[in-house]
Amino acid sequence: KNEVEQSPQNLTAQEGEFITINCSYSVGISALHWLQQHPGGGIVSLFMLSSGKKKHGRLIATINIQEKHSSLHITASHPRDSAVYICAAGAYNTDKLIFGTGTRLQVFP
Amino acid sequence: DTGVSQDPRHKITKRGQNVTFRCDPISEHNRLYWYRQTLGQGPEFLTYFQNEAQLEKSRLLSDRFSAERPKGSFSTLEIQRTEQGDSAMYLCASSSDIRVREKLFFGSGTQLSVL
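Chains as they are written, first to last, in the working numbering: chain R, 1 to 109; chain X, 1001 to 1115.
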């Protein structure tokens, strides 16, 4: 079993739909990262959080430390949101990230 | 451009050849990470540097792999005697200090194809 699990692996949506991507982890963490990867490899850091909730534009990230679970929400999804979204755990007392396998999102007009 | 840059973007090589990749991090960042990503998978940690010191290496990093960051600025990753299983995207990332509570900034990666 991977230390960081994401669901779903693939997600399709119509433009305007509300999207939720889930991440569960089994390690103690100091921070949880959400990243976006577009075709061609470029990875952009979206959020880094250790508690509560963060919002940036149409993106919202939440984390429940007790349940070891985080979610990434996209409101009013748009075709330009199509990408792979990756959850990564910054395990406690280490200096590297443990990545999930990613969720491939396709938003159709 | 003050982002993380990697060179080359693509590398095609024959099995058994040596290859070297370069990463230039954001200038004020003293942490530099190398990751490897294969199709459909998340990135896997290879190694990281704090300034010029290589602090951790993954078991994935066989003796054919070596990484350096001689002056604490750019880094190189060399693969000797490449094998087809080395084909992957090699990603570099940098951050300022303080463990993984800081955002990582990634380069666009070097796509390696070993024929």
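Derived by calculation from the structure, the hints in this document are not laboratory data. Small disclaimer: the values here were computed from a predicted structure and weren't measured. Honestly, I wouldn't trust all of these hints.
[As the list claims (entries may be wrong)] Rough simulated footprint, nothing fancy, chain R against chain X, three-plus residues with beta-carbon under 8 angstroms: (1) 1036 to 1049; (2) 1103 to 1114.
[As the list claims (entries may be wrong)] Distance condition first, Cα-Cα at most 25 angstroms in a straight line; then the derived PhoX-like pairs of lysine-lysine: (3) X/1103 x R/68; (4) X/1057 x R/55; (5) X/1103 x R/53; (6) R/54 x X/1103.
Beta carbons are placed, not taken as given, at the ideal position from N, Cα and C, and that holds for glycine.
Against the structure, the hints:
Only residues whose beta carbon comes within less than 8 angstroms of a beta carbon in chain R count, and the segment 1036 to 1049 of chain X has 8; three or more means the coverage holds. Counting residues of the segment 1103 to 1114 of chain X whose CB lies closer than 8 angstroms to any CB of chain R gives 7, which reaches the minimum of 3, so the coverage claim holds. Using a Cα cut-off of 25 angstroms, the hinted pair residue 1103 of chain X and residue 68 of chain R holds, with the two alpha carbons roughly 20 angstroms apart. Restraint check for residue 1057 of chain X and residue 55 of chain R: the C-alpha separation of about 34 angstroms exceeds 25 angstroms, so the hint is violated.
A distance of roughly 16 angstroms separates the Cα atoms of residue 1103 of chain X and residue 53 of chain R; the hinted pair therefore holds under the 25 angstroms criterion. The suggested pairing of residue 54 of chain R with residue 1103 of chain X holds, with an alpha-carbon distance near 14 angstroms, which does not exceed 25 angstroms.
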